[in-house]
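*Asks:* Starting from the known structure of chain A, arrange chain B with the ligand on it as the hints suggest.
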Amino acid sequence: MSMDSLYTELIMMHNRSGHNKHVLPEATHIERGHNPNCGDDLTLQLWIEEGIVKDAAYVGHGCAISQAAMSIMIDLVKEKPVAEAKVLAHDYLRMIRGEQLTEEQRDALADAIVFESLSKMPARVKCGTLGWHCLEVSLAETAE
Amino acid sequence: MVSSNLTDTQSHDRLSTTDRDRTGQTDFPIFTSHPELIYLDHAATSQKPKQVIDAMSRYLTESNGSPHRGAHKLSVEATRLYDIGRKKVAAFIGASRPEEVVFTKNATEALNLIAYTYGLSTVKAGDEIVVAITSHHSNIVPWQMVASRTGATLKFMYVSPEGDFLPGEWDKITDQTKLVAFPWVSNSLGVIHDISGLIAKAHAHGAVAVVDAAQAVGHLPVDVCALDADFLVFSGHKMYGPTGIGVLYGKHAHLEAMPPFLTGGDMIEYVEEQSTTFAAVPERFEAGTQHVEGVVGLMAAMDFIEHMGITRISEKEQRIARYAVKRLSELPFVRVYGPREGHDRGALVAFEVEGIHPHDLASILDDRGIAIRAGHHCTQPLMKSLGIMASCRASFSIYNHVGEVDALVEGLHHARRIFGYEHG
Ligand SMILES: Cc1ncc(COP(=O)(O)O)c(C=O)c1O
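The listed protein sequences derive, respectively, from chains A and B. Start counting the first sequence at 662; every next residue gets the next number (this note's numbering). Start counting the second sequence at -11; every next residue gets the next number (this note's numbering).
Because the hints were derived from the structure by calculation, they are not lab data. In this text, all values refer to a predicted model and were calculated from it rather than measured experimentally. There could be a bad hint or two in this list.
What the hints assert, rightly or not - Okay, derived cross-link-like pairs now, BS3-like style, lysine-lysine, Cα gap no bigger than 30 angstroms in a straight line:
id : chain 1 : residue 1 : chain 2 : residue 2
1  : B       : K112      : B       : K372
2  : A       : K787      : B       : K372
3  : B       : K93       : B       : K38
4  : B       : K239      : B       : K314
5  : B       : K160      : B       : K314
6  : B       : K93       : B       : K143
7  : B       : K93       : A       : K787
8  : A       : K682      : B       : K372
9  : B       : K189      : B       : K143
Claimed, not checked - Computed list of chain A residues with no C-beta within reach of chain B, every gap over 12 angstroms:
id : residue
10 : K682
11 : P686
12 : N696
13 : N698
14 : E710
15 : I713
16 : H722
17 : K741
18 : D752
19 : R758
20 : E760
21 : A769
22 : V775
23 : V798
Glycine residues also receive a C-beta, built at the ideal position from the N, C-alpha and C atoms.
Chain A extracted, bound-state conformation (with noise of 0.2 angstroms):
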């Protein structure tokens, strides 16, 4: 994919998906993500019951690579087990790698596929794995 028909794709699902930017006051998670070289600065927020992300929402400002992967991780994680969220980004980051996954893998990561050109775009990956580290961070503290 291009640069110029990613970004057209991003602009029009993050205008979609802007509902993702808000104050979560359920949240039972926090993390903060912050990437000092190009000051993108992004806050998940996460509610975890009983093994569920019950709702996830995030705050902050930053380019629109990382807000696009922050919100379209937002919408493939909520209402999922920890477990299967801790397996998405687990993936979403072997992409960005350049690793090969499976049409099963692939498709379970749906819209997020878009981002799989960051792997070539080693300027930019820092802005789209900046979202994914921040649910990284929070599962791993997490029981299933």
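*Replies:* Quick look at chain B with the ligand alone, frame taken from chain A:
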């Protein structure tokens, strides 16, 4: 939708062609490797003329040896070139003697050298260090270190969004002030500070002045004696030379009084098991095997600048920068930072595009072969004081031309279309 009018573009195309020929973009092999490249990031690092690349290659092919060590011919030749390099830098910046020139890795290392040697040995608890808020992190963090280790206070002189010092800020320089540090040209706003005035103000209170000339050398004529600067630093890689070589200029009396920075080979006189006497200035500050091919490349870069003529370089950069400010200011969705239209500025323009994060803009432009810088430009305290998250920066040098500014403007319209702000 705004689009540049046709006759305008045509006349700029004509201009750009002659410009390209006159300045010899052909001197820069990077443009042969990337014929479509529009490189607007000289302020981060300059592209290298063939003369620099060839000189370094020739040195490594014909003359490589360890300087100051051993009696064989190659070592003697390496030493000779290294010493000529020091003399050439001294002449280039108007130093009164070659011993006032210390080679470092870059401007950052030069500033750290001043902080760790001069700073830690002269600044005491209760003293003050005054720094311009426009400073690069490399001219802030070392002074934070000195302040916290000595118990001195660090104060900042603030500026307006145009880069002018706010009224009364210079009055922070008082008899308590031991050291004043500032950039000659801000890499973030492009403002050119009145450094003669700042140096005189520092001296009036018995403080020393540290000038960060990283964005000035190669753009403006430099005469350290006329300026009466105590210390002045710059990096070779921002003035057509290689990375890995930088310069610390220091008044001889200051250098003479300073303890060593790094210790080891080459900076010694006698080493006993338990003690060492140190070499004279400037070798005292140059520990270990030095970067001779870097010095050779730096010499070729200075030759290139002299051959082009600093006045001609400066006039051309000013012309492009003025044109860029004019074109960008015409766009309703662009905010230009730094000096207003018509005022002097360094060879760069910082700006922000409404609705598009600087990093996204930089990626989209990069896809069109236009290289700009995006982010905080290693000036977070400045950005924070002005309430700017991040900005875009286009910077210029001898190999740029006004046609590239037109391409940048067209690139901004393109990005706005992708982001859904413009149609067509
Ligand atoms: C004004 C200014 N000072 C200092 C530096 C540091 O230069 P270097 O990274 O080569 O040490 C830079 C460049 O990044 C700069 O623009």
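*Asks:* None of the hints should be skipped; say for each whether it holds.
*Replies:* Do the hints match the structure? See the list:
1. B:K112 to B:K372: Since the Cα atoms of K112 of chain B and K372 of chain B sit roughly 29 angstroms apart, the hinted pair holds (cutoff 30 angstroms).
2. A:K787 to B:K372: holds, 23 angstroms
3. B:K93 to B:K38: With Cα atoms ~22 angstroms apart, K93 of chain B and K38 of chain B stay inside 30 angstroms; holds.
4. B:K239 to B:K314: violated, 41 angstroms
5. B:K160 to B:K314: violated, 35 angstroms
6. B:K93 to B:K143: Within the cut-off at roughly 28 angstroms; holds.
7. B:K93 to A:K787: holds, 29 angstroms
8. A:K682 to B:K372: With Cα atoms ~24 angstroms apart, K682 of chain A and K372 of chain B stay inside 30 angstroms; holds.
9. B:K189 to B:K143: holds, 15 angstroms
10. K682: holds, 14 angstroms
11. P686: Holds: least Cβ distance 26 angstroms, greater than 12 angstroms.
12. N696: Given that some Cβ of chain B is not farther than 12 angstroms from that of N696 of chain A, nearest at about 9 angstroms, it is violated.
13. N698: violated, 7 angstroms
14. E710: holds, 34 angstroms
15. I713: I713 of chain A is indeed farther than 12 angstroms from all Cβ atoms of chain B, at 33 angstroms.
16. H722: violated, 6 angstroms
17. K741: Fine: 29 angstroms to the nearest Cβ keeps K741 of chain A off the interface.
18. D752: holds, 24 angstroms
19. R758: holds, 19 angstroms
20. E760: E760 of chain A is indeed farther than 12 angstroms from all Cβ atoms of chain B, at 23 angstroms.
21. A769: For A769 of chain A, whose nearest Cβ neighbour in chain B is about 27 angstroms away, the distance exceeds 12 angstroms, so it holds.
22. V775: V775 of chain A clear of chain B: closest Cβ-Cβ about 14 angstroms, beyond 12 angstroms.
23. V798: holds, 23 angstroms
Violated hints for the displayed structure, listed by number in ascending order: 4, 5, 12, 13, 16.
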